[in-house]
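Colleague: Build out the structure end to end from the sequences listed, making use of the hints.
Protein chains: 2
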Amino acid sequence: MSIEAVLNRIDENLPAATERLMTLLRIPSISTDPAYKADCEKAADWLVAELTDLGFKAEKRPAPGHPFVVARHEGPGPNLLFYGHYDVQPVDPLTLWDRPPFEPAIEQTANGEVIRGRGSSDDKGQLMTFLEACRAWKEVNGTLPGNLTIFFEGEEESGSPSLIPFMHANHDELACDLALICDTSMVSPGVPSIAGQLRGMLKEEFTLHGPRIDLHSGHYGGPALNPLRELSKIIASFHDDTGRVAIEGFYDGVHEVTAEQKRQWANCGFDEKAYLGHAGMTVAHGEQGYSALEQQWARPTLEINGLWGGYQGTGSKTVIPAEAHVKITCRLVGDMDPADLRRKLRAHVEARLPVDARVSWDTDLDGAPAAVMDTSRPEYEAARQALSDEWNREAVIVGMGGSIPIAYYFKSILGMDALLVGYANDDDAIHSPNEKYDVKSFHKGARSWARILDRIAG
Amino acid sequence: MSIEAVLNRIDENLPAATERLMTLLRIPSISTDPAYKADCEKAADWLVAELTDLGFKAEKRPAPGHPFVVARHEGPGPNLLFYGHYDVQPVDPLTLWDRPPFEPAIEQTANGEVIRGRGSSDDKGQLMTFLEACRAWKEVNGTLPGNLTIFFEGEEESGSPSLIPFMHANHDELACDLALICDTSMVSPGVPSIAGQLRGMLKEEFTLHGPRIDLHSGHYGGPALNPLRELSKIIASFHDDTGRVAIEGFYDGVHEVTAEQKRQWANCGFDEKAYLGHAGMTVAHGEQGYSALEQQWARPTLEINGLWGGYQGTGSKTVIPAEAHVKITCRLVGDMDPADLRRKLRAHVEARLPVDARVSWDTDLDGAPAAVMDTSRPEYEAARQALSDEWNREAVIVGMGGSIPIAYYFKSILGMDALLVGYANDDDAIHSPNEKYDVKSFHKGARSWARILDRIAG
Chain A
0 MSIEAVLNRI
10 DENLPAATER
20 LMTLLRIPSI
30 STDPAYKADC
40 EKAADWLVAE
50 LTDLGFKAEK
60 RPAPGHPFVV
70 ARHEGPGPNL
80 LFYGHYDVQP
90 VDPLTLWDRP
100 PFEPAIEQTA
110 NGEVIRGRGS
120 SDDKGQLMTF
130 LEACRAWKEV
140 NGTLPGNLTI
150 FFEGEEESGS
160 PSLIPFMHAN
170 HDELACDLAL
180 ICDTSMVSPG
190 VPSIAGQLRG
200 MLKEEFTLHG
210 PRIDLHSGHY
220 GGPALNPLRE
230 LSKIIASFHD
240 DTGRVAIEGF
250 YDGVHEVTAE
260 QKRQWANCGF
270 DEKAYLGHAG
280 MTVAHGEQGY
290 SALEQQWARP
300 TLEINGLWGG
310 YQGTGSKTVI
320 PAEAHVKITC
330 RLVGDMDPAD
340 LRRKLRAHVE
350 ARLPVDARVS
360 WDTDLDGAPA
370 AVMDTSRPEY
380 EAARQALSDE
390 WNREAVIVGM
400 GGSIPIAYYF
410 KSILGMDALL
420 VGYANDDDAI
430 HSPNEKYDVK
440 SFHKGARSWA
450 RILDRIAG
Chain B
0 MSIEAVLNRI
10 DENLPAATER
20 LMTLLRIPSI
30 STDPAYKADC
40 EKAADWLVAE
50 LTDLGFKAEK
60 RPAPGHPFVV
70 ARHEGPGPNL
80 LFYGHYDVQP
90 VDPLTLWDRP
100 PFEPAIEQTA
110 NGEVIRGRGS
120 SDDKGQLMTF
130 LEACRAWKEV
140 NGTLPGNLTI
150 FFEGEEESGS
160 PSLIPFMHAN
170 HDELACDLAL
180 ICDTSMVSPG
190 VPSIAGQLRG
200 MLKEEFTLHG
210 PRIDLHSGHY
220 GGPALNPLRE
230 LSKIIASFHD
240 DTGRVAIEGF
250 YDGVHEVTAE
260 QKRQWANCGF
270 DEKAYLGHAG
280 MTVAHGEQGY
290 SALEQQWARP
300 TLEINGLWGG
310 YQGTGSKTVI
320 PAEAHVKITC
330 RLVGDMDPAD
340 LRRKLRAHVE
350 ARLPVDARVS
360 WDTDLDGAPA
370 AVMDTSRPEY
380 EAARQALSDE
390 WNREAVIVGM
400 GGSIPIAYYF
410 KSILGMDALL
420 VGYANDDDAI
430 HSPNEKYDVK
440 SFHKGARSWA
450 RILDRIAG
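Chains as they are written, first to last, in numbering that gives the first Met the number 0: chain A, 0 to 457; chain B, 0 to 457.
No wet-lab data here; the hints were simulated from the structure.
A quick note: this is a predicted structure, and the numbers were derived from the prediction, not measured.
Ideal Cβ placement from N, Cα and C applies to all residues, glycine included.
You may find that some hints are simply not true.
Label-pair distances were calculated between CB atoms; the ranges are [stated by the list, open to error]:
#1 B:P63 x A:P353: 42 to 52 Å
#2 A:E349 x B:A265: 32 to 42 Å
#3 B:D240 x A:A104: 23 to 33 Å
Modeller: Listed below in structure tokens is the structure:
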């Protein structure tokens, strides 16, 4: 049977496929907020039912946090594991959404139809591209393609705390020949992209404690240590005037961008002006001496993700608060070691505390090194050809600024290489209000997986 | 009739007087939050009823915000105006309160009995000392003392937006011979204090806008301008390494502390170690070269009262937020001009904005200069003697770190000097969780006003 029949079936299925995705998007499976625990269970149950319907032997597997979904189809050829995550980011600030985030809809935009809603791009829409490829394949060929394991998690947006123990406990079941991961974006619209390197991540959060209690800024303003001011000084000390992180030893393990990478990336279709413009920026604000693409793909960062203390309500309050709080993430590249970096960051902060101040660290936050793929595997070339056929444009091996720790753990725990192919676009507003996924991404994504499976499945 | 009879009556009335105060404390008259508008009305109504019961001709006077209370008693002698405010500060963070803030109670502490609850010290307990002095006077003498005007406002904790228009519109009614203000504290427990100078205040709030939307820290971390980082840098630039405010021209109009002030203040009973220790501090953190008392009373400040942006919820969110927010107050001394200072502060901030960032200023926030009293008036000496008699300790003329703009406006609009006497203590936790007022302050405060009225009323 020719691949064309499967592709045609994907085209015919699109309306029904979109409705299936909408059903999944209506489940508010926010993993980081315990209030949505039951919704995460519901999303896992829905996927088990969907996979069972497709002919997989599918199970929900309990975890201390949110459950995993594991499904198997025995077949010929290499054992391919497909990974995605069904959990989504929080939706605040809710006021900036143009529609309720969990009431998805198709919208017409200047760039074509989009599916609007939280999780449409990250990662429910992406993972459904693979299931829709499987569905069409089954409908045309009477069986699922090759030898497949499906592995979905529900804690990707909250640091995957259950993932490592689960992989150790289920090593033999999950250690396949190659992982396929659909959680990345295209370098620019219409340019099929395979991720060759991903940044790692270190998460930190601390509270700076100053006065014993909140103080009146008249009675104590002047003599009092102000935690908001002290925290601001510490944050300001994290970078030098060139945008470089000023923590001692921060860049240990970083690999400079090679001439070959610069050459490849110059021709990958990345539109720096459009990328910056989408975010309302006219220049790249990172380390001087690096392009926006290099700053995003190949350079480490230290970002403040949350900062708060004192009075935030209506009007004014003359308070000097007892505490100030900050959430930090660092993006890691090359061989940077998260545990070592955590020590350096904490030492930097603690060396800058004034007398009468102390700091308490959140001890529940994780980290993962960067992941650098073995792009010499033959499946990489097969996927490049499949993607080039579908998108009528040569596929490129790119870097990725985001962190997908799973790729690192697949290699370190399961000894499994990964092939990362995704169809998201940079304007999808993932993690932001009004997240969307292009219908074109959803449709051609499913077609792309069918073509890839046609080349690498048994 | 001797003053002793009035003082004895105050002693006898204490249990009933405390219950009257508790009734007022149960009304959550938070002026800065529109949700409590009806409660502010209720507090004003309660005071009108109380004043009417005392024999005053009392009225609630409407205002665009919360109403004023004005009451008159015609009598002999100079027309004395007594001022207080019935509104209170917000109560957050509520979790730090040991009891519901608007369910007041008497508590036994190591330092004696206290009345615990929001507003107990600032200012409901203080204003009730005057009404209880009037009540005992009336009960003993059959009439209220002298020639009295009572003037209560309900917007003191939210910048008194209606105050200036109201004073202009009711100039003749309010322009008395002298104002008595009870909204200050004693320099140390048991040391009766008259405030000779009060710091002014300038309020500011701004939002720093960076990216057009919230961004993903993987896709944009590095190239993106991070408003939390930029705001922290601006805040860090407000002070130099010696604790001095680094805004150009900030100290214009400041008067250096005189040798005579230093001499007086050295003997005013201020316990620097206890003052700092109460706040959990071991050193004064303000401008180098000034004592804690000078930093509090005679030096201007710039304090951060609120700071926020990005994700504050449970867990981690890899976001670069579009905005960051800060609330600022400056305390002013000498001849510092709030309008001029506002221009300088804004210029300082705007000169430090990176490309692609902009700032929007809250335009609703007010300012008031410092107030320096005419302590040569004979009522000051009379009050000093009355207070010294009551507290068995020489009363002192002190500075005050807090801002009571009313004293400035009484002079500038009504041409009226003010005598500021208060019985609060520095450990009253005003504006903080677990606010209290010593029963001793409440009791001896009423006795003090009776003695002062005995000397200066007709």
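Colleague: Now look at each hint and say whether the structure bears it out.
Modeller: Status of the hints after comparison with the structure:
1. B:P63 x A:P353: 42 to 52 Å: For P353 (chain A) against P63 (chain B), whose Cβ atoms are near 43 Å apart, the range 42 to 52 Å holds.
2. A:E349 x B:A265: 32 to 42 Å: Since E349 (chain A) and A265 (chain B) have Cβ atoms about 37 Å apart, the given range 32 to 42 Å holds.
3. B:D240 x A:A104: 23 to 33 Å: Violated: the Cβ-Cβ distance is about 55 Å, outside 23 to 33 Å.
Violation of the numbered hints given earlier is confined to hint 3; every other hint is satisfied by the structure.
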